[in-house]
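If you want the building blocks of each chain, they are given just below.
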Amino acid sequence: MSVLTNYSDLFLSAFLTTIQLFLLSAVGSLVLGTVLAMLRVSPVPVLRAAATTYVTLLRNTPLTLVFFFFAFAYPLLKILELDPFMGAVTALTLYTSAFICEVVRSGINTVPVGQAEASRALGLTFGQMLANVVLPQAMRSVVPPLVSTLIALLKNTTVAAGFSVGEAGAISYRLSEEGANMLAGLSWVAVFFVVLVIPLTLVQRGLEKRWSVAR
Amino acid sequence: MSSVLFDVPGPKARVRHGIAAVVGIAAVVALLAYVGYRFYDSGQFEPRMWEWLQYETIQIQLLEKIGATLRAFALGAVLALLFGAVFAAGRLSEHAFWRAPSNVVVEFFRAIPLLIMMFLFYYGLPTVGIKMSPFAAVVLALMLYNGSVLAEIFRAGVKSLPRGQAEAAYALGMRKTQVMVLVLLPQALRAMLPTIISQLVVLLKDTALGFIITYEELLYYARYLGSQAQFGRPLVPLTIVVAGIYIAMCLLLTWLATYLEKRNRRNKRVIELENKDAENVVLANSATGV
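Order-wise, the sequence lines are chains Y and C.
All residue numbers in the first sequence are consecutive under full-length UniProt numbering, ending with 215.
All residue numbers in the second sequence are consecutive under full-length UniProt numbering, ending with 290.
What the hints contain is simulated information worked out from the structure, not anything from laboratory work.
A quick note: this is a predicted structure, and the numbers were derived from the prediction, not measured.
There may be inaccurate statements among the hints.
Derived list of chain Y stretches under chain C, where covered just means 3 residues or more per stretch with a C-beta under 8 Å from a C-beta of chain C [what the hints assert, rightly or not]:
no. : segment
1   : 40-50
2   : 166-178
3   : 188-197
Looking from chain Y toward chain C, a few residues come up when the C-beta cut is under 8 Å (computed) [what the hints assert, rightly or not]:
no. : residue
4   : Leu57
5   : Leu76
6   : Val159
Between beta-carbon pairs, the in silico distance windows are [to be verified]:
no. : chain 1 : residue 1 : chain 2 : residue 2 : range
7   : Y       : Gly206    : C       : Ser227    : 46 to 56 Å
8   : C       : His95     : Y       : Arg120    : 51 to 61 Å
9   : C       : Glu46     : Y       : Glu208    : 49 to 59 Å
10  : C       : Val35     : Y       : Leu23     : 27 to 37 Å
Even for Gly, the Cβ is constructed at its ideal location relative to N, Cα and C.
Based on the sequences and whatever the hints tell you, model everything.
Below, the structure written as structure tokens:
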């Protein structure tokens, strides 16, 4: 307990950074992932191929390597200056969007063919059909796996600790510098993560029940 | 499946798709060209940056480090499968005495970030006098985390079998263990095999976290080599090569999964899973990896 009271500032600021990191990259990857999913089901083969390549590459690369690229290799390319925090957001967004894309795409698959056919018969364009008919239904069946992806993202933010972002994982470095009890400190970090994850799981179960489409 | 969403294009639509294709190609090419130009401009394509690939010692060391990654993967995978089997059995048990603790363990280890677990083993446990090598910390954390996920996969597989299977087995006079081992498990395992393998892909990718707690695997070696001034600090070429290696390893495993899935579909003994539970677990876990 003493670790927690002695370092309450550290814990507070670190978890705030974690939550910032999580929220920013969650929004980013939701947007990018949905766009990618739309590309993957589009009638234009080139766009499909581009999105598929992106997803295959990113899904099979360890997140640590994506971080590695943005922390060490990317600055050498001198494209756009990113501080470690923005680098972490970019890495998490790029990585997670590949998974979001897969989840949304499989959600689109669960929408019955008749829905798309009916909207075509009504004369909706492809974009209208996706935006007004298919995606709203797909999103519902997609909620549980989507929240799981976001939970994974929340846990993945810890990787940023290895690349000089002062978030929850980095607490251990400060504690070890100051010779505090590492076991107690890290156990607290673990407990807080469990506390952060549980509400998300509850939201997931609630939404699953409320939003499930009866077919 | 994509043909579901649109009709066979007519003349107007074909023109529209053609325009979209041209714009798409232009955008992708422009992006690639820009990145390529940045690479060129910052001197990443200079021969000096790639020279390190020609040294035999470096090639051998690279292979050794791939071996280190695969060692952590292999041991972690075997242990995780065992852990998963034990705790899945615990969660499926009819006795709350076994079920409750298994539930707690699985849910707990699934909620903690893998890296924090590695930190706990590597930096935390020495506080109470247990010293651990980075390798042991990596393998142990991989076992606990992926084992919990696998337990969930096994459980979902067994749960989603048609109830008639278990009922018929009981009707034949089998005991609980017999029903599980002889009837339910073989079918569940066969149906969930692709999912299990994709979880193993996740495990393979997770070994890269060992880099952060100084386990000397592939990424760690890339960092070391990238700081060598005599090769011109070839961090960008190294990232590309290492990414290629990881992607190749993961794709091989993924192909194994797709191959098994295809073979499954031909196999008449495989039962179509009934409810969507299994599917949801599959989807949910496809992303839990780091």
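Cross-check of the supplied hints:
Counting residues of the segment 40-50 of chain Y whose C-beta lies closer than 8 Å to any C-beta of chain C gives 10; at least three are required, and the coverage claim holds. As drawn, the segment 166-178 of chain Y meets chain C at 4 residues by the rule of a beta-carbon pair under 8 Å; at three or more, the given contact holds. Counting residues of the segment 188-197 of chain Y whose CB lies closer than 8 Å to any CB of chain C gives 5, so the stated coverage by that chain holds, three being the minimum. The criterion of a C-beta within 8 Å of any C-beta in chain C is met by Y/Leu57, whose closest approach is roughly 6 Å, and the hint holds.
Annotation: interface hint on Y/Leu76 holds; nearest CB of chain C at approximately 6 Å, less than 8 Å. Interface restraint check for Y/Val159: the shortest CB-CB distance to chain C comes to about 6 Å, inside 8 Å, so the restraint holds. Remark: the range hint 46 to 56 Å for Y/Gly206 to C/Ser227 is upheld by a beta-carbon distance near 49 Å. Between C/His95 and Y/Arg120 the beta carbons are some 55 Å apart, a value that agrees with the proposed interval 51 to 61 Å.
Under the hint 49 to 59 Å, the C-beta atoms of C/Glu46 and Y/Glu208, about 54 Å apart, fit the expected range. For the hinted restraint 27 to 37 Å between C/Val35 and Y/Leu23, the CB-CB distance of approximately 28 Å keeps it satisfied.
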